[in-house]
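Chain by chain, the residues run as shown.
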Amino acid sequence: MTALLELQDVNKDYRVGGFLDRSTLHAVKHVSFTLDAEKPEIFTVVGESGSGKTTTARMILGNEVPTSGTLRFMGKDIAQIRTRQERLEFMARVQPIFQNPFEAFNPLTTLDYYLFSTAKRFLGLKDKVAVDAATDKALQHVGLSLAEVRGRYSHELSGGQLQRIAVARALIPGPKLIVADEPVSMVDASLRMSIVNLFRELRDTLGVSIIYITHDLSTAYYISDRVIIMHKGDVVEAGRAEEVLGNPSHEYSRALRSAVLPPDPVVASAIIREKLRAV
Amino acid sequence: MLAAVENKSASVEAKPVLRVEGLKAYYQMNYFGVRREVRAVDDVSLTIKRNEIYGIAGESSSGKSSLIKTIAGAITPPLRVVEGSVKFDFGGKELDVYAQRPAMKAARWKHLSYVMQGSMNVLNPVRKVKHAFHDFAFKHMGLSEGEFRARVESHLQRIGLDPRVLESYPHQLSGGMRQRLTIGLATVCEPEFIIADEPTTALDVLVQQDVLALIKGVQQRMGSSIIFVTHDMTVHAAIADRIGIVYAGRLVEEGPTLDVFQRPQHPYTAHLIASLPRIGDTRKRVALGGKPPNLADPPSGCRFHPRCPLAVDKCKSENPALLPRNSGRVACWRAGEVEAA
Amino acid sequence: MFKILRDLLRYNIEFTIGFILTLAIFLFALAHFWAPMPDTAIYLLPPDMPPSAEYWFGTTSRGQDVLWQMSSAIWNTMLFGLSVTILSRLFAVAVGMISGYLGGKWDEFLMTINDTMIALPNIPILLLVYFVMRDQMSWPVLALTAALLGWNYDARLIRSVTLSLRNREFTRHAVFAGMSVPQILVRQHLPYVMPVIFFTAMNNLIWAIGLEVTLSVLGFSDINRPTIGGMIYWANQHQAIIAGIWWWIAFPIIAVVLLFLGLFLLAISVNEYIDPRSRLSRMGA
Ligand SMILES: Nc1ncnc2c1ncn2[C@@H]1O[C@H](COP(=O)(O)OP(=O)(O)OP(=O)(O)O)[C@@H](O)[C@H]1O
Ligand SMILES: Nc1ncnc2c1ncn2[C@@H]1O[C@H](COP(=O)(O)OP(=O)(O)O)[C@@H](O)[C@H]1O
Ligand code: SF4
Ligand SMILES: [Mg+2]
Ligand SMILES: [Mg+2]
Chain A
81 MTALLELQDV
91 NKDYRVGGFL
101 DRSTLHAVKH
111 VSFTLDAEKP
121 EIFTVVGESG
131 SGKTTTARMI
141 LGNEVPTSGT
151 LRFMGKDIAQ
161 IRTRQERLEF
171 MARVQPIFQN
181 PFEAFNPLTT
191 LDYYLFSTAK
201 RFLGLKDKVA
211 VDAATDKALQ
221 HVGLSLAEVR
231 GRYSHELSGG
241 QLQRIAVARA
251 LIPGPKLIVA
261 DEPVSMVDAS
271 LRMSIVNLFR
281 ELRDTLGVSI
291 IYITHDLSTA
301 YYISDRVIIM
311 HKGDVVEAGR
321 AEEVLGNPSH
331 EYSRALRSAV
341 LPPDPVVASA
351 IIREKLRAV
Chain B
838 MLAAVENKSA
848 SVEAKPVLRV
858 EGLKAYYQMN
868 YFGVRREVRA
878 VDDVSLTIKR
888 NEIYGIAGES
898 SSGKSSLIKT
908 IAGAITPPLR
918 VVEGSVKFDF
928 GGKELDVYAQ
938 RPAMKAARWK
948 HLSYVMQGSM
958 NVLNPVRKVK
968 HAFHDFAFKH
978 MGLSEGEFRA
988 RVESHLQRIG
998 LDPRVLESYP
1008 HQLSGGMRQR
1018 LTIGLATVCE
1028 PEFIIADEPT
1038 TALDVLVQQD
1048 VLALIKGVQQ
1058 RMGSSIIFVT
1068 HDMTVHAAIA
1078 DRIGIVYAGR
1088 LVEEGPTLDV
1098 FQRPQHPYTA
1108 HLIASLPRIG
1118 DTRKRVALGG
1128 KPPNLADPPS
1138 GCRFHPRCPL
1148 AVDKCKSENP
1158 ALLPRNSGRV
1168 ACWRAGEVEA
1178 A
Chain C
164 MFKILRDLLR
174 YNIEFTIGFI
184 LTLAIFLFAL
194 AHFWAPMPDT
204 AIYLLPPDMP
214 PSAEYWFGTT
224 SRGQDVLWQM
234 SSAIWNTMLF
244 GLSVTILSRL
254 FAVAVGMISG
264 YLGGKWDEFL
274 MTINDTMIAL
284 PNIPILLLVY
294 FVMRDQMSWP
304 VLALTAALLG
314 WNYDARLIRS
324 VTLSLRNREF
334 TRHAVFAGMS
344 VPQILVRQHL
354 PYVMPVIFFT
364 AMNNLIWAIG
374 LEVTLSVLGF
384 SDINRPTIGG
394 MIYWANQHQA
404 IIAGIWWWIA
414 FPIIAVVLLF
424 LGLFLLAISV
434 NEYIDPRSRL
444 SRMGA
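Chains as they are written, first to last, in this note's numbering: chain A, 81 to 359; chain B, 838 to 1178; chain C, 164 to 448.
Simulated from the structure, these hints should not be mistaken for laboratory data.
Treat the hints with care, since some could be wrong.
Quick list of in silico lysine-lysine cross-link-like pairs, DSS-like style, CA-CA up to 30 Å [claimed, not checked]: (1) A:Lys-355 x B:Lys-947; (2) A:Lys-355 x B:Lys-1053; (3) A:Lys-217 x A:Lys-200; (4) A:Lys-355 x B:Lys-886; (5) B:Lys-861 x B:Lys-1128; (6) A:Lys-109 x C:Lys-268; (7) B:Lys-1121 x A:Lys-256; (8) A:Lys-156 x A:Lys-208; (9) B:Lys-1053 x B:Lys-967; (10) A:Lys-256 x A:Lys-208; (11) A:Lys-156 x C:Lys-268; (12) B:Lys-965 x A:Lys-312; (13) B:Lys-886 x B:Lys-861; (14) B:Lys-965 x B:Lys-947; (15) A:Lys-119 x B:Lys-1121; (16) B:Lys-924 x B:Lys-965; (17) B:Lys-861 x B:Lys-976; (18) B:Lys-976 x B:Lys-947; (19) A:Lys-217 x B:Lys-1128; (20) B:Lys-976 x A:Lys-217; (21) B:Lys-967 x A:Lys-355.
All values reported here derive from a predicted model rather than from experimental measurement.
Using the sequences provided together with the hints, build the complete structure.
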């Protein structure tokens, strides 16, 4: 097996507080996992807020340097990327999707500017026709076309469409890995499903691996191959999605699992009434 | 199962505390000659009874917040009420929100409280929490400083907060605590009516249940009515007695929670319920096609017709009225047919 | 550009008033190029004449026509004020945006310079420059010095706007879309910084003109070149108020107030026009 991404005992500490009450916050502790280059998968990181999910994602994207441990992407240490050239090569292989589709595009810039810029920089295209073709091809993958997007601003499209354009943009350089940090937490149930369905398709048709970060256990169960559960920087449980989410063994994962209300009035209202009685 | 049904029907006979009739509220803007009118609330009528929790669901930018803001009488330009009325009944005294402005002002906090969307972030970051209580509630309660303080402390204790939080700054508290605090603020005067916009959306799964139980508990103890908004259907399932579904500024379906979940009458509601993911179920869900309607230029006829799987020609030209059906109301030319589909 | 002007004139009453005022004063100041007499000449006319059909705004105790003195004075003062404003805006934008966006060492370095300059007292520095330069002292040198003193607070303001923009998701997105730093600063951030520039420009202009008046009233500038401050200087020298020559002082002050009013109205209405929120509303967001 060749590793696409390999995290070995990764730690990240932050210094917090003022001059007097300086202390260290361990945002991420001893995280290790490996994604296989030959077997694209949806790898999900779940956990409550503050559990270190975003910090992990930022380290994978090279936006943050680990305090100790190494992150290797296709054998190369991400923290050792120094020159702009190396950085661009890395960004062409690893691309992010952001949390809020309405925030991910500057409202005063047309959406195609992001697409064209990506095509020009990472594919080295100069010719307008070639740029258009590359952009259109990526948009086709997400069920859109350049004609629908050209010259439009973010407020003219729905959250689901924007998130798909964000995915298309990330696909332009032909990445091996997409890191999606809570890509559905700001959108409603119906849009949620259209976005996670898209991730499935990317894995199956383009062979892109996806790191899906979320606190929504229901969609995690719906699309993931493997899941890790983080709690205060630690990975408390890891494994196949059906096992970890369907039948959690660690105490914290069980708590998290039982905190998910089912979309069923009879069961859900019974849970709340039970809680009320307990107080 | 039986208990749930009983519980819900118990609250039904009381007379309405809130009557909204033919309410239209539009954002009317004029920037350098570009006139725009966003019809965020378009002809909404509903009633809410004493002791009832009414949930409003709908996709993003369907006008949920605008509706609830208008009901709370908390609108600012460019949002304006164009038509219709909002009337409360506080202890037999009728209060028309948009005809009796001064009386409305007096009723704020005392009879009625409004928790805005993202309100856990509206606490002033440079002032201690106790000042917020003082600013909002002190003058409505007619108590001495000492009595007021004691009342606030016992209230906080009851909702599971250490009274010491009064001495802290908002940033020292977690999101869950801040949300509890805003609920505490909204309920300290024991109002008869509570209006809340997305009270749990920003919260973590782990605290969400606690906050929901808190809301339900406060409501039961004080016997007040609640109208709240969220796009998270599981929250509706957990605490709402009745649900109203909003699509493109209009109420398209309304009914007891259990019925809406089990026998949705409107195609949009049916889609909403069917698309909910559940743990233990990886069957593929299909997302709604098309794009959300533009409220500045909404589709003709039934506003759902460009995305509706059941649409017929009539739907394009004629708007279906919200009519009683089974235990609730629904606005669709082919109401109920979706059951078979 | 033309369409923007037309829209603003048609739909914004503040802009229209501001535009007319500023244009009128500009034309009046421009007229000094066709003045019947050189603006530095003295005792060409009978002194101390009150406003009349012949001398609309009267004459000064130095035998100058107040009308033509004002025309030149407004021109020179505006030239100075606008030079200071434009130069200092350029410094403020460059330092503020680079400091805010790049952060780290750059930020520390630029902000140290910035804060040092905030701590420096303006008038003594200008006097120092005046005494060092002596005969080479001309208004462009003074303008440059003032510009160097006048950008610091605004650079901090712009830095804080850029700092908050840097943490917005769309900026990180732009980086991963391969945009270069200048592309991000100019295309993505400048539209949000523009309102700050316009807003501070007005304050800066008032400050610059105030500075010019102060220096002139103290006599630390080329007093023979007519400026608003220079006129007040000479009026004081001749005790114009006590002597009842009110028109020597009143007309220049009225002109300056009208000019400020016009510029202020222009600034707020243009600001509203370029404000991202209003722009978005016009686009239909
Ligand atoms: N201040 C405003 N000016 C103009 N239009 C507005 C304003 N606020 C909201 N709108 C528009 O009104 C419509 C309804 O918005 P509203 O905030 O009520 O949606 P919502 O259903 O609460 O959405 P969400 O679930 O995202 O909170 C949208 O089209 C929105 O763009
Ligand atoms: N730049 C930073 N400086 C200090 N602390 C940080 C910083 N970024 C994150 N943290 C802290 O690290 C912890 C993990 O945060 P994060 O990775 O954002 O969690 P999640 O994404 O799971 O919500 C939190 O306690 C957070 O406050
Ligand atoms: S009225 Fe027609 S378009 Fe509207 S929901 Fe019913 S079937 Fe669909
Ligand atoms: Mg996060
Ligand atoms: Mg809302």
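> Taken at face value, is the distance from the CA of Lys-1053 (chain B) to the CA of Lys-355 (chain A) at most 30 Å?
Replying inline: Answer holds: Lys-355 (chain A) to Lys-1053 (chain B) is near 10 Å, not above 30 Å.
> When you check the alpha-carbon spacing of Lys-976 (chain B) and Lys-217 (chain A), does it fall within 30 Å?
Replying inline: 63 Å, violated
>> Hint check: Lys-861 (chain B) vs Lys-976 (chain B), CA-CA at most 30 Å. Holds or violated?
In response: 33 Å, violated
> Are the Cα positions of Lys-965 (chain B) and Lys-947 (chain B) separated by 30 Å at most?
Replying inline: Holds - the C-alpha atoms of Lys-947 (chain B) and Lys-965 (chain B) are around 23 Å apart, at most 30 Å.
>> For Lys-1053 (chain B) and Lys-967 (chain B), compute the direct alpha-carbon distance and say whether it is at most 30 Å.
In response: 24 Å, holds
>> Can you confirm whether the C-alpha distance between Lys-967 (chain B) and Lys-355 (chain A) stays at or below 30 Å?
In response: Judged against 30 Å, a Cα distance of about 28 Å means the pair holds.
>> Next pair to validate is Lys-355 (chain A) with Lys-886 (chain B); report whether the Cα-Cα distance is within 30 Å.
In response: 25 Å, holds
>> Hint check: Lys-965 (chain B) vs Lys-312 (chain A), CA-CA at most 30 Å. Holds or violated?
In response: Holds, because 28 Å separates the two Cα atoms, which is no more than 30 Å.
>> Run the distance test for Lys-217 (chain A) versus Lys-1128 (chain B): straight-line Cα separation, threshold 30 Å.
In response: The hint holds at about 21 Å.
>> With the threshold set at 30 Å, check whether the alpha-carbon distance from Lys-119 (chain A) to Lys-1121 (chain B) stays at or below it.
In response: 22 Å, holds
> Does the alpha-carbon distance linking Lys-924 (chain B) and Lys-965 (chain B) stay inside the 30 Å limit?
Replying inline: 36 Å, violated
> When you check the alpha-carbon spacing of Lys-109 (chain A) and Lys-268 (chain C), does it fall within 30 Å?
Replying inline: 29 Å, holds
Hints 8, 16, 17, 20 from the list above are not met by this structure, while the remaining hints are.
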